[in-house]
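A.B. asks: Below are the chains, spelled out letter by letter.
Number of protein chains: 2
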Amino acid sequence: MAKEHQDVIERICGEAREVYQRISKKQKPQMRLPLRALSNVKYKPDPGYFQLSGKSKVRTLTVGNRKTFAQTLKMLAMSKDLIHTKRHSTKREAYYQAYNWGQAAFAAQEESDTVMDDVEAMLATNREQLNFRADEHGGEVAGELVVIDKDRRTGKRLEIDCARFGSGAYSVPTVVEDLAFRTAAKFILAVETKGMFERLVEEDFYDKHHCILVSMGGVPSRACRRFIRRLADEKRLPVYVFTDGDPYGYFNIYRTLKVGSGNAAHLNEYFCVPQARYLGVTPDDITEYKLPTHPLKDVDRKRAMDAMKNDPFIKHHKPWQAAITKMLAMGVRVEQQALAKHGLEYVAREYLPRKLKQTDKFLP
Amino acid sequence: MAKEHQDVIERICGEAREVYQRISKKQKPQMRLPLRALSNVKYKPDPGYFQLSGKSKVRTLTVGNRKTFAQTLKMLAMSKDLIHTKRHSTKREAYYQAYNWGQAAFAAQEESDTVMDDVEAMLATNREQLNFRADEHGGEVAGELVVIDKDRRTGKRLEIDCARFGSGAYSVPTVVEDLAFRTAAKFILAVETKGMFERLVEEDFYDKHHCILVSMGGVPSRACRRFIRRLADEKRLPVYVFTDGDPYGYFNIYRTLKVGSGNAAHLNEYFCVPQARYLGVTPDDITEYKLPTHPLKDVDRKRAMDAMKNDPFIKHHKPWQAAITKMLAMGVRVEQQALAKHGLEYVAREYLPRKLKQTDKFLP
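As you go down the protein sequences, you meet chains A and B in turn.
Residues 1 to 364 (the numbering used here) make up the first sequence, in order.
Residues 1 to 364 (the numbering used here) make up the second sequence, in order.
This is chain A alone, in the form it adopts within the complex (with noise of 0.2 angstroms):
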């Protein structure tokens, strides 16, 4: 068994030893569990993600509380029958397999995922590395990045080369975290649509810059983060996001990726990608390349507004002040298609090679 599969049994016996102990003394079982809201985050820009900062609640068995606390001593027991018969379990999987817990089933999904939760936390760990996973699509990747992982029927190594999918891709699974990797590649370049993916593939452009191309398909999914983040850290390579112009882009997108979200704060550490810079497509872009823009919707205007007010990354960073503010003063947002304008080639010829020459430019 891998260390890290070890690691988590570890914890998981250790809590439930203390749980034993506590009956065997005629005490009252009970189990520590971080604070999970907003009231107990904070952002330092080192180490560069939303943090717990350290309160916590202790959850003494009662009569109120013997459900959620049988449920959560059963959701430990499952995860690590998980890790030893090595199979994973959806959140939706997990619920229905609660089934049978007679009385400490579940009504609903949302309580069996707020355990799950509760469980990730208490652990301080993902639900990756405890054999859960999301049902969510993991992003697609192309380029010179072969992705090490093991044949399930016969345990040998099995090493996938992801320059060798034609127009095709790499469909990164939900769980990443026994995946390896072999690369020469100069960065990763994550994009925020497939059309642009297959633009730059079409365009030979991860051969002739040496990169790794991820499509991140909208607002990246847990597994797409911790991808982009575990061979980023492996590899000791830089990450370049581009996405339109537009607040969802900007904060929905980037922020998101590269610092996490205030509302799953324990988890930031593994999900976030703090080596991620913003290379466009920005404000000052639009009147560089004479690019085709949209009016800013009263959606994105007040998205804009409520971030320079509230997001305690955005307020951290001046370069990102100037480029809302541009944005705001312009009134208009631009699609990172708008380079088409120019003809389809023009991204992977001109555009993306002018702004690689200069990444010190790049926004925080």
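Hints listed in this document are in silico derivations from the structure and should not be mistaken for laboratory results.
Don't be surprised by glycine CBs; every beta carbon is placed ideally from N, CA and C.
Worth double-checking, as some hints may not be accurate.
[Stated by the list, open to error] Chain A residues, not near chain B, derived (Cβ > 12 angstroms throughout):
id : residue
1  : Asp-46
2  : Gln-51
3  : Thr-68
4  : Lys-235
5  : Glu-335
[Claimed, not checked] Capping the alpha-carbon separation at 35 angstroms, the derived lysine-lysine pairs in DSBU-like fashion look like this:
id : chain 1 : residue 1 : chain 2 : residue 2
6  : B       : Lys-91    : A       : Lys-302
7  : A       : Lys-91    : A       : Lys-302
8  : B       : Lys-55    : A       : Lys-361
Given chain A's structure and the hints, the job is docking chain B onto it.
C.D. replies: Okay, now just chain B, sitting in the frame of chain A:
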């Protein structure tokens, strides 16, 4: 150039020639387009998809339609260029490329999308064959299949073995027209969720049952449907569909995959999968496998009643009417993950193998 591409180029040039000849004779140029509306749709079990009835309209150049007329001709020229340069353009990119058409530029992307639909219908083809593509997820594949693509750089044949991706998968590109296949699989199993797809991969299902797994990720995209259709046609494989047992799974996913949809009738010929059969989860399964259920929502009930009354596909197939009637009488829906109540491996070891012994009992 491939034969299909030559054929499309020939049709584009044919249209252009007609317009040119009429102008040379000082006649007003015109184009003939099939009427794209539900009133021009018919359904027959053979060939098994919604078809256009043949009504068409002639668009003659007038002062009022001069812009649309010009845009349609420019769009035909763009397609010809794309085929010659071996590039593909998303709908969004096409809209931006048209920024340089002077007075014929589009005011909004909806306009250019409509002209693209016109061009598709006029040439009796699908936009993928015109080298246009949607910006959408194409589905994921794992199993006993080798996809044959080309290396864009060398032009050499590329073999992609979908049984060698470990926990990952092959991500289907948005344009699949030029892919070829090699397989000894016995059937294709198309599943609704990525969660169930990964479950079956983890249980070695495709090895044990010699099949190809496709994750549709909800309602299958055009690329996903076209991929399944081409693979099933060329390799003469049956297609079994495994979704949640609710109106969304029955109609939005299964019915769309099998016969297409009413408002895109000129395309169903390419995107439907008439050989698809519905494996489950059915209302009968709820009692037979003692599955946990959820009450039907009002929107479920409404959609089901509407389909019984108005959907020509459901009206044609008695077994479907019986299933829907049973669902409405029971008042419940069931998720495919509900089988996890009997253990994570149950779906792969018990449910599917039992079902696959009686494929004649699948819903049509």
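A.B. asks: Each hint needs a verdict: does it hold in this structure or not?
C.D. replies: Status of the hints after comparison with the structure:
Listed as outside the interface, Asp-46(A) is consistent with that label: its C-beta sits roughly 33 angstroms from the nearest C-beta of chain B, beyond the 12 angstroms cut-off. The claim that Gln-51(A) is not at the interface with chain B holds, since no C-beta of that chain comes within 12 angstroms of its own (minimum 30 angstroms). Residue-level check passed: Thr-68(A) sits 20 angstroms from the nearest beta carbon of chain B, beyond 12 angstroms. Remark: the non-interface label on Lys-235(A) is consistent with the geometry, its nearest Cβ contact in chain B lying 18 angstroms away (cut-off 12 angstroms).
Interface exclusion of Glu-335(A) from chain B breaks down, the closest Cβ pair being 7 angstroms apart, not more than 12 angstroms. A hinted pair counts as satisfied when its Cα atoms are at most 35 angstroms apart, and Lys-91(B) with Lys-302(A) qualifies at roughly 29 angstroms. At roughly 34 angstroms between alpha-carbon atoms, Lys-91(A) and Lys-302(A) fall within 35 angstroms of each other, so this suggested pair holds. Under the criterion of a C-alpha separation no larger than 35 angstroms, the hint pairing Lys-55(B) with Lys-361(A) is inconsistent with the structure, at around 58 angstroms.
Violated hints for the displayed structure, listed by number in ascending order: 5, 8.
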